Each structure stands twice: as structure tokens, then as C-alpha cells.
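Residues per chain, in single letters:
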Amino acid sequence: MIARIQVPATAKRGEVISIRVAIQHPMETGFRFDVNGRAVPKNVINSLIVRYNDAEIFRAEMGSGVAANPSLQFFTLARDSGELVFQWVDDAGQRGEERVQLAVTGP
Amino acid sequence: MIRRFLQAGVVALLLMQSVALAATSPRSGITYAGADVRALQADDFANPGMLWVARGEKLWSTPAGRNNKACASCHQEAASSMKGVAARYPRIDTATGKVINIEGRINTCRERNQAADPLQYESEELLALTAYVAHQSRGMPVAVVADAANRPHLERGREIYYRRQGQMNLACVNCHEQNAGRKLLAETISEGHGNAYPAYRLEWQATGSLHRRLRACYFGVRAVMPAFGSDELLDLELYLARRATGLTVETPGVRR
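So the protein sequences, as listed, match chains L and H.
The first sequence begins at 1 in the numbering used here and counts up one residue at a time.
The second sequence begins at 1001 in the numbering used here and counts up one residue at a time.
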């Protein structure tokens, strides 16, 4: 699973930063049938969890209503330099993980 | 009666004018799209096609085949070595004398230099690599030149473009020049340029090649769809590229 993460490389302490995540995934709804009439099983990324220095800062629970290749954006407060860990899993059990470093400057 | 003739004359003039305008200043398909689609293409992070470009970037430096060589082993940095390549394609392959597009070039390179199996047309890997290579030419003017070698193929492509076909008995030109800018059901008909491909189509919820898009048009007029990478689609792609002179490469574009 290819994913793209957008986190500013540096931020001032106390600054509100924007974080964007895009994951390549078909987000199969489970409502479709293939050419042979068989139901295509539902397969969506059901959970995405983001941790910032081991503290959970964002969680998304997605379902059939989310389009393919989901793109999410959220905001957080830049407190300390450290690592952001993005983890997600789909209905087929396939997992993905990305890690991004954030450098926080200032007092 | 005279009035009717005059009206017909005005319509004919308008049609001629639209053809002439299309020939002189082509309009990219993105200018026919709504504000939301235009914003999606303009934002490099939101543009879902960039996911395929990102995958292509990884594949670029991943060794493949029995020679254990990656694209990067010979071509190094794609940002410099592949810059402007997509603007010049499709071209005539000097070894075989046939028309070859980016997809074909990647597969030829795999077979000749990497000793790897060719990637299946429209496979995720080939789309990703094609999108990555074409992306390096984004913003550059489409520059396919007509010469003695490609002239027969350009002529054949032009012939296909003007040929009525299918149960609907429509040629490309009937919609994409004579009715460009008008509505077909809820869609605005574009001029049918291929400068944004491989592009992310919202209808597909995926990135697809120009051949997939062309096959969709064949299906739309209820004609027999040529195979991916067939000579017919390659000649048509060549003619469309020549016809798009004046536009810039937009890969990965976003289309409805």
C-alpha cells in the first residue's frame, strides 16, 4: 500500500500544524458484484491511528461511504520534536505503517 | 426557405470556426472541468494520481529481472534524465520501426536491458512507472514533430480520428471538435487531448492510461474496442499528441 504523508519538516513550539495523509486503496464497498455476479467482499481501511511521541493524537474509523484512495487532513499542536507514526489496517488484514520525523524549534 | 438556407449557412460557419479554433489554440481538458476537479489537479498532495507517481518513484530504483538492474542503474535521476521525454512521445522505435509510447518504451527497456518480463498493459506497476516518467515532463510543451518516419502513422491516426464507427456511427471529430464545450448528458465535452495521461479519473477511482480512456470512447460509440497497446491505438495516440501541440504535459491529470 502506497501512502503519502505531509508533515511540515519544522515547526515552532505551540504552533498548530496541518497533517495530511493519502493512502492508495480501492475501498471496496461490499455492495458491488463482479462480471460473474458474485458479490465483491467489502474491503476498506477500517482504522487509521496516528501517534505523536507514543501519544495517540488522531484516529479515523472508516466504512463503505469513503471513496477510494482516502485523503485525510487534521491539525495538531507541535509540542516536542519527535516521531509521528501512522498505522492503518484494512478488512483483509493488510497493514500499513509510515513514520515521519518532526523537528520543533523555539522555547 | 431562404431564411432556412441562411440559418444552415450560419451553423456551418460556426462549425467551421470551432474546427479552426481547435486547430490553432487547443484547450486542455482541465479547463472544461469544474472548480473542484481543477483544485484537485492543482494540489500536488490532494491529487490522487500522485500516489501512482510515488509508487513509480519507488519502482524506478527497485532492481528487476535477471540482470538485477533498476531503471536508475542506467538512467540515474529521473528528474533530469526523463525530463521532456513524455513531451516527445509516442515516437518511432528505431530498432523495430514501429510506433512506441512510454508504456512500450518501459517494456522494451525491461526486455532488452533488464532481462525482465514485460509488464502487463494497464497493470498497477506499468501505470505507476509511466505516470512517474511522464510526470517529469509536467509543464513542458507537447512537442511531437512530423517527419518522414512517422508520417504514415500520423496519417493513419488522423484517418481513425475522422472515421465514423460503431453503432452510433460517430467519429472522434464529431464530439471532440464539432461539439466541444457542449453538453453530453451531464458532462461537458472536451477537445479530447491526451496531455494529462496517465490520469486519475474520478469515474474509475484510479489512474488509467490513455488507451483505457480511448477504449472507453470506443465503447461509448459501441464500436469494437482495439486491444491495449494495439497499432490502431498507438497511431491514434500519435495523432492526438501531434494535435495537442500548444498544450503542456499535465501528468498526472485529474478528470471526471
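Keep in mind that the hints were calculated from the coordinates and are not lab data.
The reader is advised that the hints may include incorrect statements.
[To be verified] Beta-carbon label-pair distances, calculated as ranges:
1. H:Gln1178 x L:Ser18: 42 to 48 Å
2. H:Arg1222 x L:Arg38: 35 to 41 Å
3. L:Gly106 x H:Gly1034: 37 to 43 Å
4. L:Gln101 x H:Asn1067: 31 to 37 Å
5. L:Val16 x H:Phe1228: 45 to 51 Å
6. H:Ala1070 x L:Arg59: 36 to 42 Å
7. H:Val1145 x L:Leu77: 51 to 57 Å
The structure displayed is predicted, hence computed values, not measured ones.
C-beta: ideal position from N, C-alpha, C; glycine also.
Comparing the hints with the structure gives:
1. H:Gln1178 x L:Ser18: 42 to 48 Å: Holds: the Cβ-Cβ distance is about 46 Å, inside 42 to 48 Å.
2. H:Arg1222 x L:Arg38: 35 to 41 Å: violated (27 Å)
3. L:Gly106 x H:Gly1034: 37 to 43 Å: holds (42 Å)
4. L:Gln101 x H:Asn1067: 31 to 37 Å: holds (36 Å)
5. L:Val16 x H:Phe1228: 45 to 51 Å: holds (48 Å)
6. H:Ala1070 x L:Arg59: 36 to 42 Å: holds (37 Å)
7. H:Val1145 x L:Leu77: 51 to 57 Å: Hint holds: Cβ distance 56 Å, inside 51 to 57 Å.
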